[in-house]
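There are 4 protein chains.
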Amino acid sequence: MADDITTETADTVAAGQLRAFIERVERLEEDKKTISEDIKEVYAEMKANGFDTKAVRSIVRLRKKDQAERQEEEAMIDLYKAALGME
Amino acid sequence: MADDITTETADTVAAGQLRAFIERVERLEEDKKTISEDIKEVYAEMKANGFDTKAVRSIVRLRKKDQAERQEEEAMIDLYKAALGME
Amino acid sequence: MADDITTETADTVAAGQLRAFIERVERLEEDKKTISEDIKEVYAEMKANGFDTKAVRSIVRLRKKDQAERQEEEAMIDLYKAALGME
Amino acid sequence: MADDITTETADTVAAGQLRAFIERVERLEEDKKTISEDIKEVYAEMKANGFDTKAVRSIVRLRKKDQAERQEEEAMIDLYKAALGME
Numbered sequence: 830m831a832d833d834i835t836t837e838t839a840d841t842v843a844a845g846q847l848r849a850f851i852e853r854v855e856r857l858e859e860d861k862k863t864i865s866e867d868i869k870e871v872y873a874e875m876k877a878n879g880f881d882t883k884a885v886r887s888i889v890r891l892r893k894k895d896q897a898e899r900q901e902e903e904a905m906i907d908l909y910k911a912a913l914g915m916e
Numbered sequence: 830m831a832d833d834i835t836t837e838t839a840d841t842v843a844a845g846q847l848r849a850f851i852e853r854v855e856r857l858e859e860d861k862k863t864i865s866e867d868i869k870e871v872y873a874e875m876k877a878n879g880f881d882t883k884a885v886r887s888i889v890r891l892r893k894k895d896q897a898e899r900q901e902e903e904a905m906i907d908l909y910k911a912a913l914g915m916e
Numbered sequence: 830m831a832d833d834i835t836t837e838t839a840d841t842v843a844a845g846q847l848r849a850f851i852e853r854v855e856r857l858e859e860d861k862k863t864i865s866e867d868i869k870e871v872y873a874e875m876k877a878n879g880f881d882t883k884a885v886r887s888i889v890r891l892r893k894k895d896q897a898e899r900q901e902e903e904a905m906i907d908l909y910k911a912a913l914g915m916e
Numbered sequence: 830m831a832d833d834i835t836t837e838t839a840d841t842v843a844a845g846q847l848r849a850f851i852e853r854v855e856r857l858e859e860d861k862k863t864i865s866e867d868i869k870e871v872y873a874e875m876k877a878n879g880f881d882t883k884a885v886r887s888i889v890r891l892r893k894k895d896q897a898e899r900q901e902e903e904a905m906i907d908l909y910k911a912a913l914g915m916e
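Residue numbers (our numbering), protein chains in the order written: chain A, 830 to 916; chain B, 830 to 916; chain C, 830 to 916; chain D, 830 to 916.
Some clues are possibly wrong.
Unchecked claim - Simulated restraints, written as ranges between beta carbons of each label pair:
hint: 1; chain 1: B; residue 1: K862; chain 2: D; residue 2: K876; range: 51 to 57 Å
hint: 2; chain 1: A; residue 1: R892; chain 2: C; residue 2: A844; range: 30 to 36 Å
hint: 3; chain 1: D; residue 1: K869; chain 2: B; residue 2: K876; range: 47 to 53 Å
hint: 4; chain 1: C; residue 1: R886; chain 2: A; residue 2: E852; range: 26 to 32 Å
hint: 5; chain 1: C; residue 1: K893; chain 2: B; residue 2: K894; range: 21 to 27 Å
To be verified - Computed cross-link-like contacts, EDC-like style, restricted to lysine to aspartate or glutamate with a CA-CA straight-line distance of at most 16 Å:
hint: 6; chain 1: C; residue 1: K869; chain 2: C; residue 2: D881
hint: 7; chain 1: D; residue 1: K862; chain 2: C; residue 2: E866
hint: 8; chain 1: B; residue 1: K861; chain 2: A; residue 2: E858
hint: 9; chain 1: A; residue 1: K861; chain 2: B; residue 2: E859
hint: 10; chain 1: A; residue 1: K910; chain 2: D; residue 2: D881
hint: 11; chain 1: A; residue 1: K883; chain 2: D; residue 2: E903
hint: 12; chain 1: D; residue 1: K869; chain 2: C; residue 2: E858
hint: 13; chain 1: B; residue 1: K893; chain 2: B; residue 2: E903
hint: 14; chain 1: C; residue 1: K862; chain 2: D; residue 2: E858
hint: 15; chain 1: A; residue 1: K893; chain 2: A; residue 2: E903
hint: 16; chain 1: C; residue 1: K894; chain 2: D; residue 2: E859
hint: 17; chain 1: A; residue 1: K869; chain 2: A; residue 2: D881
hint: 18; chain 1: A; residue 1: K894; chain 2: B; residue 2: E903
hint: 19; chain 1: D; residue 1: K910; chain 2: A; residue 2: D895
hint: 20; chain 1: C; residue 1: K883; chain 2: C; residue 2: E870
hint: 21; chain 1: D; residue 1: K883; chain 2: A; residue 2: E902
hint: 22; chain 1: B; residue 1: K862; chain 2: A; residue 2: D860
hint: 23; chain 1: D; residue 1: K883; chain 2: D; residue 2: E902
hint: 24; chain 1: A; residue 1: K894; chain 2: B; residue 2: E858
hint: 25; chain 1: D; residue 1: K869; chain 2: D; residue 2: D881
hint: 26; chain 1: D; residue 1: K894; chain 2: A; residue 2: E916
hint: 27; chain 1: C; residue 1: K861; chain 2: D; residue 2: E855
hint: 28; chain 1: D; residue 1: K893; chain 2: D; residue 2: E903
hint: 29; chain 1: B; residue 1: K869; chain 2: A; residue 2: E916
hint: 30; chain 1: A; residue 1: K861; chain 2: B; residue 2: E903
Please keep in mind that the hints were generated in silico from the structure rather than gathered at the bench. Nothing here was measured: the structure is a model prediction, and the numbers come from that model. From the three backbone atoms N, C-alpha and C, an ideal C-beta is built for every residue, glycine too.
Based on the sequences and whatever the hints tell you, model everything.
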C-alpha cells in the first residue's frame, strides 16, 4: 500500500511537471508567433511607404552573411551567369 | 539645381528610412531566434527530466486543436487503421 | 598563344559541362514536380470518392514507421494525454 | 440481413479502395525520393568536377524566373545595396 501511494505521488508530480513544461513551451511559441506577426507588420509598413519588400527581404538575407564571403559568392554567380550567357 | 537638391534629400531620407525598417526587422528576427533557442532549452530540460520529448511535441501539436475536431480526426485515423489491419 | 587557346578551350568546355549539369538538374526537377502533381491528383481522386484525405495523409505518414516503434510512440502519447486529462 | 451483407461488402470495397489509393501515393512518393537522390548525385558529380554547387543552385533558381523580371529584381536589390553602402 505504501508503494501504491509512492507511485501515485510520483505520477502526480510527473503530470504537474509535464504540464508546467508544456505551458512554458506554449507561452514561448505564443511569443514567437507575436514576433512573426510584428515582422509581417513591418514589411506591410515598408510596402505602404513604397519599398519593394521582396528586394528588402533579399537585402536582409544578404546582410546576415560575412561581406567577403558574400562578395565571393556573388562573383561566382556572375561568372556562371556569364558562362551561360545570362544577362 | 533646386530639383537636384530636393531629389538628393528625398533619396537620403529614403535610405535612412530603408535602414531603419531593415534594422527593425533584424531586431525582431534576433528576438525570434532567442525564443527558438529558449524553446530548445525547455525541451532539453524535459529530456534531462526523463520525458519523451518527441511525444511531448505531439501533445503540444494536439493541444492547439479544438478538442471536438481532434477527437473526430483521431476517430477517422483509427477507422482507417482498422480497415487496413494496422494495430 | 598556345596557352591562350588551351585556356579558352578549357573555359568553353567548362561552360558546356556547366550547362549540361544544370539541364540534368532541371529535367529531374521537372520530373519531381510532375510526380508532386500526380500525388495531388491521387488525393483529389480520394476526396471525390469520399475519403478524408487529412486522415489518409496521417496513415501514409504512420505506415512509414516501423510498427513496434509506432506502437511505442502512440502508447507514450496516450500516457501523456491521460496525465494531462486530454480525452 | 441483406443490409448487413451490403454494408459489409461496401466496407470491404472501401478498404480495398483505400489500400489501393494509399499504395499509389506510396509508389509516387518512392519515385519522388529516387529523383531527389538523383538530383543530389548530379550535384555531387558537379562538385567532383570542381563546380561551386552553391552558386549553381543559385543559377538554377534564377533560371526559373522570367529574364525581364529577374533583371528588374536584381536592379532593385543593387539600388538598395547602394543606398545602404553595401559593396
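Is it true that the CA of K883(D) sits at most 16 Å from the CA of E902(A)?
holds (8 Å)
Is the straight-line distance between the alpha-carbon of K861(A) and that of E859(B) 16 Å or less?
At roughly 11 Å apart (the allowed maximum being 16 Å), E859(B) and K861(A) satisfy the hint.
Between K893(C) and K894(B), does the C-beta distance stay in 21 to 27 Å?
For K893(C) and K894(B) the Cβ distance comes to about 22 Å; the hint holds.
Are K894(D) and E916(A) close enough, with their CA atoms no more than 16 Å apart?
Holds: K894(D) and E916(A) sit about 13 Å apart, inside 16 Å.
Are the Cα atoms of K861(C) and E855(D) separated by 16 Å or less?
Distance ~14 Å between K861(C) and E855(D) Cα, so the pair holds.
Given the proposed pairing of K883(C) with E870(C), does the C-alpha separation stay at or below 16 Å?
The given pair, whose Cα atoms are some 14 Å apart, holds under the 16 Å limit.
Decide if the proposed pair is consistent with the structure: K894(A) and E903(B), CA atoms, cutoff 16 Å inclusive.
violated (45 Å)
With the threshold set at 16 Å, check whether the alpha-carbon distance from K862(C) to E858(D) stays at or below it.
Given pair K862(C), E858(D) holds - Cα atoms ~12 Å apart, limit 16 Å.
Is K861(B) close enough to E858(A), meaning Cα to Cα at most 16 Å?
The given pair, whose Cα atoms are some 10 Å apart, holds under the 16 Å limit.
Hinted pair, alpha-carbon criterion (16 Å max): K861(A), E903(B). Please report holds or violated.
This hinted pair is violated, its Cα atoms lying about 28 Å apart.
For the pair supplied as a hint, K883(D) and E902(D), confirm whether the alpha-carbon distance does not exceed 16 Å.
Violated - the C-alpha atoms of E902(D) and K883(D) are around 20 Å apart, more than 16 Å.
Is K910(D) close enough to D895(A), meaning Cα to Cα at most 16 Å?
holds (15 Å)
The earlier numbered hints that this structure contradicts are 1, 3, 18, 23, 29, 30.
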